[in-house]
Amino acid sequence: MLASGGAELVSLGAVLPFLEVLNDQEGLWQQPFVQALAPRVGFTTANDLLLPATLAFAAAAVLAALVRLSNLWLNGRLAAAVGSDLSCEAYRRTLYQPYAVHLQRNSSAVITGATAQIGRTVAALDSLLGLITSAVVAVGLLMGLLVIDASIALGAAALFGSAYGVLAMTANRQLRSNGQKITEASRLQLKALQEGLGAIRDVLLDGSQLTFLQQYRKADRPLRQLTAKNVFLGAFPRFAIEAMGLVAIALLGGLLVFQRGSSAAVIPSLGALALGAQRLLPALQQVYNGWSNLTSFNAAMKDVLEMLSQTLPPKIDGVKPLTMHQAISFDGVYFRYENDQTSVLRGLNLEIKCGESIGLIGSTGSGKSTSVDLLMGLLVPTDGKILLDGKDLHDPAHPERLVEWRASIAHVPQTVYLADSSFAENIAFGIPKQNIDLGLVKRAAQQAQIDSFIESNPESYEGFVGERGVRLSGGQRQRLGIARALYKKARVLVLDEATSALDTRTEQIVMKSINNLSESLTVIMIAHRLSTLESCDRVIRLEDGCVSADGPPQLVLGIQS
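Note that the numbering used here gives residue 397 to position 287 of the sequence shown, counting from 1, and the numbers run on in steps of one.
Below, simulated DSSO-like cross-link-like pairs (lysine-lysine); rule was C-alpha separation at most 30 Å, straight line:
hint, residue 1, residue 2
1, LYS501, LYS599
2, LYS463, LYS622
3, LYS599, LYS495
4, LYS495, LYS430
5, LYS328, LYS291
6, LYS328, LYS339
7, LYS301, LYS412
8, LYS543, LYS599
9, LYS501, LYS463
10, LYS599, LYS425
11, LYS463, LYS495
12, LYS328, LYS412
Pair by pair, the computed Cβ-Cβ distance ranges are:
hint, residue 1, residue 2, range
13, ARG286, PRO506, 33 to 43 Å
14, GLY573, ILE310, 15 to 25 Å
15, ARG286, GLU466, 57 to 67 Å
16, LEU415, PRO506, 19 to 29 Å
17, PHE342, ILE426, 50 to 60 Å
18, GLU294, GLY540, 29 to 39 Å
19, GLU294, GLU629, 54 to 64 Å
20, LEU205, ILE310, 21 to 31 Å
21, GLN420, THR525, 24 to 34 Å
22, GLU294, ASN449, 13 to 23 Å
I should point out that these hints are in silico values taken from the structure, not numbers from a laboratory.
Heads up, the beta-carbon is just placed ideally off N, CA and C, and yes, glycines get one too.
Start from the sequences and build out the full structure, keeping to the hints where you can.
Have a look at this one:
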């Protein structure tokens with residue numbers, strides 16, 4: 111950055127002797143310092159001054175351009191590197207947030223923050239670097255102008271500086287307001303996209319394309335208009351102040367000729383001042399534009415800083431699945447979701463022994479899914495304790511216990527998330543492709559009764575399932591989810607309506623495969639189809655956040671029926 115200012119000073123300093131040579135070679139030749147220097151370098155006439163003056167001016171101009179280009183390249187590289195680090199760190203901190211935090215968030219806000227807002231923050235950083243570079247260049251040019259004519263240089267600095275200052279104060283509030291509106295419009299734009307494309311089947315059936323298009327347009331149009339306004343607010347001073355500068359140079363030229371009585375005496379100084387002003391105005395404009403971008407992107411930077419300020423859990427190395435030897439129990443557990451007034455669980459007491467197969471039933475809102483989330487360690491009780499072999503699962507003195515317990519669990523939800531990747535990658539979800547055990551993948555697929563379907567595909571396990579498994583039936587998606595859980599070889603298997611889309615025969619085969627896996631495997635099933643739970647060791651019925659029945663399937667299911 112300092113090199114840019116120095117290079118501009120050198121290039122401006124080379125202008126004056128060059129113009130002196132062009133305007134009055136003989137007069138310059140008669141100068142005492144030229145007469146003293148000429149014999150040492152072999153100059154004999156005034157014409158000998160033209161070539162070195164021209165070369166010096168050209169070299170200074172090329173040097174200044176190269177330094178500016180280098181600065182531009184380095185600034186861009188630095189902004190890109192920092193932007194990548196910021197984006198990855200923001201995503202990392204978001205991924206490590208507790209499940210309860212994710213429940214309160216809108217995914218469109220998170221995605222906007224990690225993409226568009228990071229992009230605006232990188233642009234702000236690039237603008238900051240450009241602002242600093244341009245400020246250094248402006249100082250270098252101003253120093254050169256001070257050497258040529260101090261009074262004129264100070265007057266120009268005062269004129270242009272005050273003009274930009276007034277414009278900055280005028281635009282400040284509008285830029286900040288527009289920046290906040292752009293942030294909100296970006297979130298709404300992404301939300302409209304997600305909702306329209308995520309429910310495309312219903313959109314096509316209902317013919318509601320216009321509704322979602324209007325939602326998108328309602329967010330997109332203000333976004334574009336506000337962005338255009340901020341671009342205008344950042345750029346418009348250049349044209350007004352350039353016109354002001356040209357008028358000032360014309361008036362200055364006339365005044366100098368009038369004072370000195372000869373245009374020949376004025377041209378070198380005026381030319382150097384004109385070139386300096388021509389270089390100074392873009393530098394000042396870049397300073398202003400950098401400031402306007404920083405102001406405009408203020409809201410985006412705040413969002414990114416909030417993402418970066420998310421706390422991280424303590425780092426735990428060498429995590430291994432935790433083995434349950436006796437039981438996991440709920441001891442007077444209460445739970446209430448944030449911002450809710452009513453507790454979902456009210457003093458829940460239950461015990462699940464190692465190797466048991468447990469069925470959970472209950473009406474909607476009875477607390478089944480919440481209980482399972484608590485059991486998996488995704489949620490923390492509002493009151494009461496969850497004990498694993500008699501030890502508090504959420505003991506702050508032993509944070510590794512919770513991490514290791516989660517590592518021992520496989521979960522199959524009713525709606526299985528499938529990535530737009532191969533069958534093998536979806537079964538071994540979260541494992542780098544080069545580390546996937548294909549033999550274990552095939553075994554899990556066979557146990558989940560999905561192997562025949564996969565192998566009928568021309569690409570077999572390398573075939574792609576499509577985004578969110580759109581090419582698959584509901585039953586096929588569920589069986590892939592079960593295969594994913596079985597691939598993990600977990601010690602605790604949680605099935606949350608995981609077989610609801612399967613026909614009875616396929617469900618029986620899948621459940622038989624699961625029951626034959628290991629005597630130490632603990633299985634917890636939530637199901638509305640009561641026949642699914644007939645093979646369980648116990649069935650627990652929840653009602654209003656408490657256990658209302660607990661016993662053999664025949665007894666509890668008989669009560670339910």
